[in-house]
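Same order as they appear, the protein sequences are chains A and B.
Per the numbering used here, the first sequence starts with residue -1, numbered consecutively.
Per the numbering used here, the second sequence starts with residue -1, numbered consecutively.
Derived by calculation from the structure, the hints in this document are not laboratory data.
Please read these numbers as outputs of a predicted model, since none were measured by experiment.
From the three backbone atoms N, C-alpha and C, an ideal C-beta is built for every residue, glycine too.
Wrong hints could be hidden among the right ones.
[To be verified] Calculated Cβ distances over 10 Å to all of chain B for the following chain A residues: (1) T15; (2) A58; (3) L76; (4) E87; (5) P174; (6) E187; (7) R190; (8) A191.
[To be verified] Some chain B residues judged to face chain A by a derived CB distance under 8 Å, without partners named: (9) E114; (10) R115; (11) R117; (12) H134; (13) A138; (14) D147; (15) R151; (16) A159; (17) S170; (18) R172; (19) D176; (20) N177; (21) L178; (22) V179; (23) A196; (24) P197.
Letter by letter, the chains look like this.
Protein chains: 2
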Amino acid sequence: MTTTPEPARRDTDHRRTEIAAAARALIAERGFEGLRTRDIAERVGINIATLHYHVPSKEALVELVAQSLRDEFKAQHLRRSRDGLAALEVLRLEFADFRETLAGREAFVVMSELSERARRDPKVAAVMQPLQAFWHGQIAEILARGRADGSFRADLDPAAAASMVIGGMIASQRSPGDNLVNFDRVAAELERAVRNPAPQHSGLLP
Amino acid sequence: MTTTPEPARRDTDHRRTEIAAAARALIAERGFEGLRTRDIAERVGINIATLHYHVPSKEALVELVAQSLRDEFKAQHLRRSRDGLAALEVLRLEFADFRETLAGREAFVVMSELSERARRDPKVAAVMQPLQAFWHGQIAEILARGRADGSFRADLDPAAAASMVIGGMIASQRSPGDNLVNFDRVAAELERAVRNPAPQHSGLLP
DNA sequence: GCCATTCTCCATCAATTGATTGATTGTCTC
DNA sequence: GAGACAATCAATCAATTGATGGAGAATGGC
């Protein structure tokens, strides 16, 4: 790998992917404060100059990391088909998606870190904000559908409840103890929190 | 202030407070990545060497910031008396407390930043974790009380629901639009999410 | 008045860090 | 094989940054 010089072909995309992966790992370990271009280059097994050849600046590097995370979430979301499922079932798919991200740990930590950074880095915000808006919108839509078909509470505010759902999932990771166990408990509670306590019959209303 | 030399009395505590305040403001503006001891000293109006006289190292400085935030939250929590209030009323006090923190903006951002940093800085974790545990425990207790007296759902999981409440409050700040408006919407939704849809009469149960 | 203590600043260090320069190697095209 | 291009590295720069040493000024106790 490192000793045998790889074929000097046009693998800029490949190198950028490697760099993004190394950067993500380091961000997960030390946060943005501890992120050093040298460390990234070392982990990839290349010279700093080579790193700068593929990614011109640290700013561009952070943007690259944000994009790589966004692409991963997009791909993950598309992996599970939502066709013809009831609102509650789709909500459970969202839980499953997030649970999967949690299991890998790294992606979740990097996402938290990026969300924080997006507060003052417009380039990162430009990547993360649409992602978060999409996520929030998806869940709000699920909740609105469930409210309409009577499976969720009639007094549900879809947008506000979406924040509650997302926030609950994230906050479940701040408690001590096993991460996945905590998540499952909160997910179950979220389900009870949005379900209709007095579900309608499938028929019409007067 | 800067021209007139202040009386060189034993005001180390005062200086440390000033330093903590300046550090908090700078963390809110630029995050931990952008936190420079020189900038803090400049904002306080003292020399870097003087800063290091009062706070020996940057590590100690971060710890100081964490402590100052913890003390503020403690003081804020004690300001409102909870005596003799119903569970729902106490929950609303928690909402009011958080809303107050939000209005100041800085404390909320610094808290988020510190929570992130606590992940890999044991000294920060030692300050922040008990604080978060206390907050979570308080809310879980309120929820358990409300469940017991029938004002909250009977199938409530207090610990999980506490994560949901805290997470919802925090997540309300990630949505676009006015922060306080978003918070109020989510707080109202959280209230509906935990309330008992079929409240008992005030009498006994068989 | 004298001295210890506290607080402050000027000057400076040593290390770190993002970035660049110039040269080298291998591959593809013609 | 000559030229163009992609990819890589060793060496180095300039700026930043946390931290220190030593000296000066104000205060309080005696």
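Evaluation of the provided hints:
{"no.": "1", "hint": "T15", "in the structure": "holds, 25 Å"}
{"no.": "2", "hint": "A58", "in the structure": "holds, 16 Å"}
{"no.": "3", "hint": "L76", "in the structure": "holds, 23 Å"}
{"no.": "4", "hint": "E87", "in the structure": "holds, 20 Å"}
{"no.": "5", "hint": "P174", "in the structure": "violated, 8 Å"}
{"no.": "6", "hint": "E187", "in the structure": "violated, 4 Å"}
{"no.": "7", "hint": "R190", "in the structure": "violated, 6 Å"}
{"no.": "8", "hint": "A191", "in the structure": "violated, 4 Å"}
{"no.": "9", "hint": "E114", "in the structure": "holds, 5 Å"}
{"no.": "10", "hint": "R115", "in the structure": "holds, 7 Å"}
{"no.": "11", "hint": "R117", "in the structure": "holds, 7 Å"}
{"no.": "12", "hint": "H134", "in the structure": "holds, 7 Å"}
{"no.": "13", "hint": "A138", "in the structure": "violated, 10 Å"}
{"no.": "14", "hint": "D147", "in the structure": "violated, 18 Å"}
{"no.": "15", "hint": "R151", "in the structure": "holds, 7 Å"}
{"no.": "16", "hint": "A159", "in the structure": "holds, 5 Å"}
{"no.": "17", "hint": "S170", "in the structure": "holds, 5 Å"}
{"no.": "18", "hint": "R172", "in the structure": "holds, 6 Å"}
{"no.": "19", "hint": "D176", "in the structure": "violated, 13 Å"}
{"no.": "20", "hint": "N177", "in the structure": "violated, 12 Å"}
{"no.": "21", "hint": "L178", "in the structure": "violated, 13 Å"}
{"no.": "22", "hint": "V179", "in the structure": "violated, 11 Å"}
{"no.": "23", "hint": "A196", "in the structure": "holds, 7 Å"}
{"no.": "24", "hint": "P197", "in the structure": "violated, 11 Å"}
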